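Note that the protein sequences, when read in sequence, are chains B and W.
Numbering of the first sequence is given in our numbering, commencing with residue 14 and proceeding in unit increments.
Numbering of the second sequence is given in our numbering, commencing with residue 378 and proceeding in unit increments.
FYI, nobody ran anything at the bench for these hints, they're computed from the structure.
Here the structure is a predicted model, which is why all the values come from computation and not from measurement.
One or more of the hints may lead you astray.
Unchecked claim - The following residues of chain W were derived to be distant from chain B, with all beta-carbon distances above 10 Å:
1) LYS380
2) LYS383
3) GLU384
4) GLU399
5) ASP415
6) ILE419
7) ASP447
Said to hold, decoys possible - So the derived list for chain W, only partly shown, Cβ under 8 Å to chain B, looks like this:
8) SER382
9) ARG394
10) LEU409
11) LEU412
12) VAL416
13) LEU430
14) ALA434
15) GLU436
16) LEU440
17) PHE451
18) PHE454
19) PRO459
20) VAL462
21) ILE466
Even for Gly, the Cβ is constructed at its ideal location relative to N, Cα and C.
Below are the chains, spelled out letter by letter.
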Amino acid sequence: MSKYLDLSIRELHELLVSGKIKPKDLVLEAFDKLENSDLNAFITVCKDEALKRAEELENADKSSMLYGIPIAIKDNINTKGIRTTCASHMLENFVPFEDAFVIDKVNEAGMIIVGKTNMDEFAMGSTSQTSYFGAPKNPWDKTRIAGGSSGGSASVVAGLLAPIALGSDTGGSIRQPASYCGIVGMKPTYGRISRRGLIAFGSSLDQIGPMTKNVYDNALVLNSLVGYDEFDLTSSNREAEDFTRLIGEDIKGMKIAVPNYFISDIVDSEIKENVLSVCELLKENGATVDFIDIKHLEHAVTLYQIIAMGEASSNLARFDGVRFGYSADSNSVDELYAKTRAEGFGSEVKRRIMVGSYLLSGDNAKEYYTKALQVRNSMKESFDEAFKKYDLIIGPTTTTVAYHLGEGMDDVRKTFLDDVLVIPVNMAGLPGLNIPIGFNHEHMPIGLHIIGNRFEEAKMYKLGSFIEKELNLDLKVKEENHE
Amino acid sequence: MEKLSKEEVLHVARLARIAVSEDEIEKYQISLKQLLDDVEKIKDINDISEDVLVTPAFEGCKLRSDDEVDTTDFSKFKSNIPHSVGDFIEVPVMINE
Numbered sequence: 014m015s016k017y018l019d020l021s022i023r024e025l026h027e028l029l030v031s032g033k034i035k036p037k038d039l040v041l042e043a044f045d046k047l048e049n050s051d052l053n054a055f056i057t058v059c060k061d062e063a064l065k066r067a068e069e070l071e072n073a074d075k076s077s078m079l080y081g082i083p084i085a086i087k088d089n090i091n092t093k094g095i096r097t098t099c100a101s102h103m104l105e106n107f108v109p110f111e112d113a114f115v116i117d118k119v120n121e122a123g124m125i126i127v128g129k130t131n132m133d134e135f136a137m138g139s140t141s142q143t144s145y146f147g148a149p150k151n152p153w154d155k156t157r158i159a160g161g162s163s164g165g166s167a168s169v170v171a172g173l174l175a176p177i178a179l180g181s182d183t184g185g186s187i188r189q190p191a192s193y194c195g196i197v198g199m200k201p202t203y204g205r206i207s208r209r210g211l212i213a214f215g216s217s218l219d220q221i222g223p224m225t226k227n228v229y230d231n232a233l234v235l236n237s238l239v240g241y242d243e244f245d246l247t248s249s250n251r252e253a254e255d256f257t258r259l260i261g262e263d264i265k266g267m268k269i270a271v272p273n274y275f276i277s278d279i280v281d282s283e284i285k286e287n288v289l290s291v292c293e294l295l296k297e298n299g300a301t302v303d304f305i306d307i308k309h310l311e312h313a314v315t316l317y318q319i320i321a322m323g324e325a326s327s328n329l330a331r332f333d334g335v336r337f338g339y340s341a342d343s344n345s346v347d348e349l350y351a352k353t354r355a356e357g358f359g360s361e362v363k364r365r366i367m368v369g370s371y372l373l374s375g376d377n378a379k380e381y382y383t384k385a386l387q388v389r390n391s392m393k394e395s396f397d398e399a400f401k402k403y404d405l406i407i408g409p410t411t412t413t414v415a416y417h418l419g420e421g422m423d424d425v426r427k428t429f430l431d432d433v434l435v436i437p438v439n440m441a442g443l444p445g446l447n448i449p450i451g452f453n454h455e456h457m458p459i460g461l462h463i464i465g466n467r468f469e470e471a472k473m474y475k476l477g478s479f480i481e482k483e484l485n486l487d488l489k490v491k492e493e494n495h496e
Numbered sequence: 378m379e380k381l382s383k384e385e386v387l388h389v390a391r392l393a394r395i396a397v398s399e400d401e402i403e404k405y406q407i408s409l410k411q412l413l414d415d416v417e418k419i420k421d422i423n424d425i426s427e428d429v430l431v432t433p434a435f436e437g438c439k440l441r442s443d444d445e446v447d448t449t450d451f452s453k454f455k456s457n458i459p460h461s462v463g464d465f466i467e468v469p470v471m472i473n474e
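Bound-form chain B, shown alone (with noise of 0.2 Å):
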């Protein structure tokens, strides 16, 4: 039963700096319903960490609206002296020794850790079922996936086990299994939140952002994430700014375009009929709506598959079992790599590695590689277009609701599609925001996907926030099903 956790971030403020509430609280209330819960949403707890971390914050300055607030990691993301595993056995006891450069803006805002999220492996999947510890579970029906790769962040939040969690999105990992949990996810820019910490899967692509309840909560972690770090080369060093400042402005003059691929027929028909119910919702309000052509998104699958397979290839090439990780008994050189990631690596990591490396070998770079390198900025150009004339493209975020655990496992393919209609955004290095707009026929929840031009994270928050507050679901999953 949630005492707290079910609030906003802005209520469990109020409480905690009216003196109503202690930090410890909100950790205790964390831990008994996180080591209740049948969700297999953490690979790591760290209940004495939160612990020790709420007493001394007691007497710290509790100004920052995150102050006292417990927070799930996903765990790809460094964190100092809790082991940090990528789901993956290759990491199964890898305990780093520095902080992401997101754990250290974490700290600082006073926020809490309470534990490390089940993954996919490396980040590889949409169902989050490749994870070396077991999927983790879907809390609005526990039979189903809880989207990946962020499935452990997204069903923590949805789950009320902790009010945010951090996720990363390479290829929707992020917006989709929020879509899936009927909650908020943004992935911001690329370079608007430093990569260093996050062990890497495809660089051009990869962007740490926020999981939350509400979009109001969304924009206030997204604020103390932010910020130039010199060790991650593409960070911004764009000055602080607040990004819930639009929220509850008018949406009156705003220009939304729709792609028409984005409610073709690959999308279930019960979600686009909900996609263009908030159409008509915004035009009530005085927005306009036009639907627009975006170059080569049909195209988006096959760009992900050799970009970011080919970077896959290139960043995990660093386990061979010599300077950390799984290290398979071996007696030689050869036998000690082509054994430690074999026997490191489950399936789904070992075939992207396999066809990343021959996509990068000898003449196949050009042909691939650079040929989707050029697609790719084709399609960049596309968007810089559509933002000439839009401040925001939105549609759905996913093409079905979630689906049964085990469904579609033997379709190497169909962790890709799952993707189809949120990779454009990664590829173009834009920011996405998930928001729920509603419920098909089983009560599952259906995500509406909000994309902005670069930067511009405040204005889709300013949308999101609108069509939150007027469509005023009821996201509380029953308190049956998560404990």
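Please build the complex by placing chain W on the supplied structure of chain B, with the hints as guidance.
Just chain W now, with coordinates in the frame of chain B:
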């Protein structure tokens, strides 16, 4: 169902430095073929840019100044090394391999 040859699977596995068992070869003959068929579609895409987009870092990539700095303390790094002797990382014999 179309599949890769056993030699093709072994070639790709060798590139990736991943050992594959006889049982796995059969699975990879089908699954790798499916993915490689997918990526072939890139060749049919027309109307593309002359330029490439390698990374969407729109403010450019910022390099640090080329100065000497303290590197990571080896004692911290050592705790995650699978096999070590003193302050050395232990690996299989490489000479005359």
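Hints, verified against the model:
Distance check for LYS380 of chain W against chain B: the nearest CB is about 13 Å away, which clears 10 Å, and the non-interface claim stands. No beta-carbon of chain B is positioned within 10 Å of the beta-carbon of LYS383 of chain W; the least distance is around 14 Å. With a minimum CB-CB distance of about 13 Å to chain B, GLU384 of chain W clears the 10 Å threshold, and the non-interface call stands. Every Cβ of chain B is farther than 10 Å from the Cβ of GLU399 of chain W; the closest lies at roughly 13 Å, confirming the non-interface assignment.
Distance check for ASP415 of chain W against chain B: the nearest CB is about 6 Å away, which does not clear 10 Å, and the non-interface claim fails. With a least beta-carbon separation of about 5 Å from chain B, ILE419 of chain W fails to lie farther than 10 Å from that chain, contradicting its non-interface assignment. Look at ASP447 of chain W: its CB is around 13 Å from the nearest CB on chain B, clear of 10 Å, so calling it non-interface holds up. Interface restraint check: SER382 of chain W against chain B, minimum CB-CB distance 14 Å, threshold 8 Å, status violated.
With 8 Å as the threshold, the beta carbon of ARG394 of chain W comes within range of chain B, its nearest partner Cβ sitting at about 4 Å, so the hint holds. With 8 Å as the threshold, the beta carbon of LEU409 of chain W comes within range of chain B, its nearest partner Cβ sitting at about 6 Å, so the hint holds. Annotation: interface hint on LEU412 of chain W holds; nearest CB of chain B at approximately 5 Å, less than 8 Å. Proximity of VAL416 of chain W to chain B holds as hinted, the smallest CB-CB distance being about 5 Å (cut-off 8 Å).
Because the beta carbon of LEU430 of chain W sits about 4 Å from the nearest beta carbon in chain B, less than 8 Å, this interface hint is met. The interface hint given for ALA434 of chain W holds, since its Cβ lies 4 Å from the closest Cβ of chain B, which is under the 8 Å cut-off. Annotation: interface hint on GLU436 of chain W holds; nearest CB of chain B at approximately 6 Å, less than 8 Å. The interface hint given for LEU440 of chain W is met, as the beta carbon of that residue sits about 6 Å from the closest beta carbon of chain B, less than 8 Å.
Contact between PHE451 of chain W and chain B, as hinted, is not supported at the beta carbon level, the nearest pair being about 11 Å apart and thus beyond 8 Å. Restraint check, PHE454 of chain W versus chain B: the minimum CB separation of about 7 Å is within 8 Å; hint holds. The beta carbon of PRO459 of chain W comes within 3 Å of a beta carbon in chain B, closer than 8 Å, and the hint placing it at the interface holds. For VAL462 of chain W, the interface hint is violated, since its Cβ never comes within 8 Å of a Cβ in chain B; the closest pair sits about 13 Å apart.
A least Cβ separation of about 6 Å between ILE466 of chain W and chain B falls short of the 8 Å threshold, and the interface hint therefore holds.
Violation of the numbered hints given earlier is confined to hints 5, 6, 8, 17 and 20; the remaining hints are satisfied by the structure.
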